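J.: Take a look at the letters that make up each chain.
2 protein chains.
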Amino acid sequence: MSLLTVGSVAFDAIETPFGKTDKIIGGAATYISLAASFFEKNQRIVAVVGDDFPQEMIDTLAEKGVDLEGLQIKAGEKSFFWSGKYHNDMNTRDTLITELNVLENFDPIIPASYQGTEYLMLGNLTPQIQTLVIDRLEQRPQFIAMDTMNFWMDIAMDDLKVTLSKIDLLIINDEEARQLSGVSSLVKASKIIREMGPKYLIIKKGEHGALLFHGDQIFAAPALPLEEVFDPTGAGDTFAGGFMGYIASTGDLSFDNMKRAIIAGSALASFCVEKFGTEKLLHISQEDMESRIQEFVKLANFDMVYHVK
Amino acid sequence: MSLLTVGSVAFDAIETPFGKTDKIIGGAATYISLAASFFEKNQRIVAVVGDDFPQEMIDTLAEKGVDLEGLQIKAGEKSFFWSGKYHNDMNTRDTLITELNVLENFDPIIPASYQGTEYLMLGNLTPQIQTLVIDRLEQRPQFIAMDTMNFWMDIAMDDLKVTLSKIDLLIINDEEARQLSGVSSLVKASKIIREMGPKYLIIKKGEHGALLFHGDQIFAAPALPLEEVFDPTGAGDTFAGGFMGYIASTGDLSFDNMKRAIIAGSALASFCVEKFGTEKLLHISQEDMESRIQEFVKLANFDMVYHVK
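Respectively, the protein sequence lines represent chains A and B.
The opening position of the first sequence corresponds to residue 1 in the numbering used here, with each subsequent residue numbered one higher.
The opening position of the second sequence corresponds to residue 1 in the numbering used here, with each subsequent residue numbered one higher.
Treat the hints loosely; a few may be bogus.
[Stated by the list, open to error] Computed list of lysine to aspartate or glutamate pairs in EDC-like fashion (alpha-carbon distance at most 16 Å, straight line):
(1) 188(A) - 77(B)
(2) 199(A) - 168(A)
(3) 191(B) - 216(A)
(4) 205(B) - 207(A)
(5) 298(B) - 303(A)
(6) 298(B) - 279(A)
[Stated by the list, open to error] Covered by chain A, according to a simulated footprint, are these stretches of chain B (three or more residues, beta-carbon under 8 Å):
(7) 184-196
(8) 208-221
Keep in mind the hints are simulated off the structure, nothing from the lab.
Only a predicted model underlies this, so the values are computations on that prediction, with no experimental measurement involved.
Just so you know, even glycine gets a beta-carbon here, dropped at the ideal spot from N, CA and C.
Using the sequences and the hints given, assemble the complete structure.
T.: Given below as structure tokens:
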């Protein structure tokens with residue numbers, strides 16, 4: 001199958017209790033494409049960077065099977081830049097700098113060769129751009145997933161509701177699910193949010209794993225218990241990329257296969273947080289990933305045979 | 001096998017956002033014994049009540065296979081009473097009243113017929129009493145589990161460390177694990193705590209499930225996602241009781257069987273929170289429990305077959 005990812009390709013500067021970085025490669029679409037590449041070898045990307053973005057990373061994406069016709073490179077302009085500092089608990093962070101740069105006037109042009117893409121992952125961007133991408137695809141993808149964030153709920157809720165009405169799966173965290181639904185019970189929130197459009201909902205709970213809701217079915221996946229989370233940046237995008245890469249590569253939209261896709265995404269996310277930025281994702285092998293998935297099997301699976309005296 | 005539970009048998013008065021109760025039956029040993037009775041039919045109890053405690057509940061415990069020779073009934077005295085009010089998020093609560101009454105001078109007398117009990121569950125009590133019970137058992141039980149709380153860490157840490165050095169399994173919540181270990185990472189905490197004595201550690205995470213640690217193995221069990229938690233009182237004791245009842249009835253201390261026991265405990269705890277106090281536990285059937293366990297199988301299990309194009 002084929003997977004199209006739309007989102008930021010950018011620079012980050014990150015500070016955590018364990019250290020800080022200069023400008024390093026970041027961006028939702030970067031993490032998503034890298035993670036998805038462990039499963040799906042036929043990927044496309046619609047994004048924009050300035051001419052400050054390193055050719056080396058573009059080459060890396062190409063090597064991993066990402067078609068880059070949809071990556072716009074704006075001469076004389078700068079790539080999107082975000083800088084943030086995590087608090088000691090690693091669950092909250094302060095944004096220090098946001099420079100939109102090329103993202104300010106991003107027009108998501110879909111190359112003709114991308115028409116007919118079967119799976120679409122909309123990384124966190126303005127809901128207007130997300131909707132524009134869906135509308136520009138002449139044939140609706142078989143499955144559309146999206147990420148968003150509380151910022152858009154605050155300033156563009158009407159636009160966000162339009163996007164939500166057009167997608168199949170929303171992937172957000174617990175705090176965002178509570179804000180979007182207005183209720184604190186995640187089970188109740190999942191019903192309210194799915195009435196807005198998406199038939200599937202994944203609620204990410206960080207160190208507590210993730211929940212998948214569809215109809216009356218729920219799947220609860222754990223996160224891998226780690227001694228330290230070194231840098232959480234990109235973990236959510238890596239999870240989404242692993243999930244969608246798995247779904248696209250298998251072409252199987254059953255609930256059982258979505259469970260597997262969540263484990264695949266969780267395994268990749270557990271690597272992502274071990275080093276700064278994309279560093280770890282770029283240096284693990286297919287075997288590393290497969291053995292991490294087996295750790296999840298041991299961590300979460302049980303064989304319920306019980307006998308009462 | 002046989003299971004001995006030591007802990008409070010008491011009255012509670014509870015207020016939650018959904019309503020409030022008068023004095024109702026509570027106490028750690030009550031919840032533990034009721035939950036364990038779904039699996040283990042050969043139970044014993046060491047506890048103390050006043051003569052205000054209803055004979056009806058004593059009869060109910062007896063019907064469920066709990067030998068009551070070790071239940072002391074103090075004429076002219078009153079049973080332990082706790083009253084608390086849960087905050088809107090149900091994760092925190094204020095204690096309104098604590099009347100120790102008969103617990104103030106509780107001497108945990110072990111009936112001769114209880115010697116040789118194979119499994120011991122020490123409900124939350126002063127560490128001194130917990131240690132006394134272990135010391136009074138002439139033959140060490142095959143497996144000793146205990147609960148405790150932050151209160152004893154605050155005022156009786158030295159005594160607590162003595163008890164910890166004598167047990168096999170500690171069952172506490174995440175906040176207690178962080179306080180006991182002095183670190184915030186639960187993986188690190190699990191190592192520090194297990195160096196204090198118990199080879200097994202269960203960390204309860206409320207709506208996020210529970211983690212079991214042993215050697216290098218970890219099992220992550222989810223909690224059942226619920227629309228509402230009506231009353232969390234006793235959920236932790238119910239979990240422990242279900243766990244130990246399962247372990248005692250199967251007599252199997254393998255890690256795989258402990259996974260099953262955690263699911264059994266989680267299933268019973270998910271019922272417990274649906275109504276005030278012990279009400280729900282008293283009205284579910286063996287079939288209700290078994291079907292709830294099957295919900296956990298669907299919720300948590302996955303079959304990892306993946307194929308990369």
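J.: Count the residues of the segment 208-221 of chain B whose Cβ falls closer than 8 Å to any Cβ of chain A, and tell me whether that reaches three.
T.: Satisfied; 8 residues make the cut.
J.: For the segment 184-196 of chain B, do three or more residues have a beta carbon lying closer than 8 Å to a beta carbon of chain A?
T.: Contact hint for the segment 184-196 of chain B vs chain A: holds, 5 residues under 8 Å.
J.: Under the criterion that the straight-line Cα-Cα distance not exceed 16 Å, is the pair residue 188(A), residue 77(B) satisfied?
T.: Given that 16 Å is the threshold and the Cα spacing comes to 46 Å, the pair is violated.
J.: Is the straight-line distance between the alpha-carbon of residue 199(A) and that of residue 168(A) 16 Å or less?
T.: Holds. Residue 199(A) to residue 168(A) sits at ~6 Å (cutoff 16 Å).
J.: Holds or violated: are the alpha carbons of residue 298(B) and residue 303(A) at most 16 Å from each other?
T.: holds, 11 Å
J.: Verify the proposed pairing of residue 191(B) with residue 216(A), using a straight-line Cα cut of 16 Å.
T.: violated, 38 Å
J.: Measure nothing beyond the straight line between the CA atoms of residue 205(B) and residue 207(A); if it is 16 Å or shorter, mark the hint as holding.
T.: Answer holds: residue 205(B) to residue 207(A) is near 11 Å, not above 16 Å.
J.: Within 16 Å, alpha carbon to alpha carbon, are residue 298(B) and residue 279(A)?
T.: violated, 35 Å
Violated hints, listed in ascending order, are 1, 3 and 6; each of the other numbered hints is respected by the structure.
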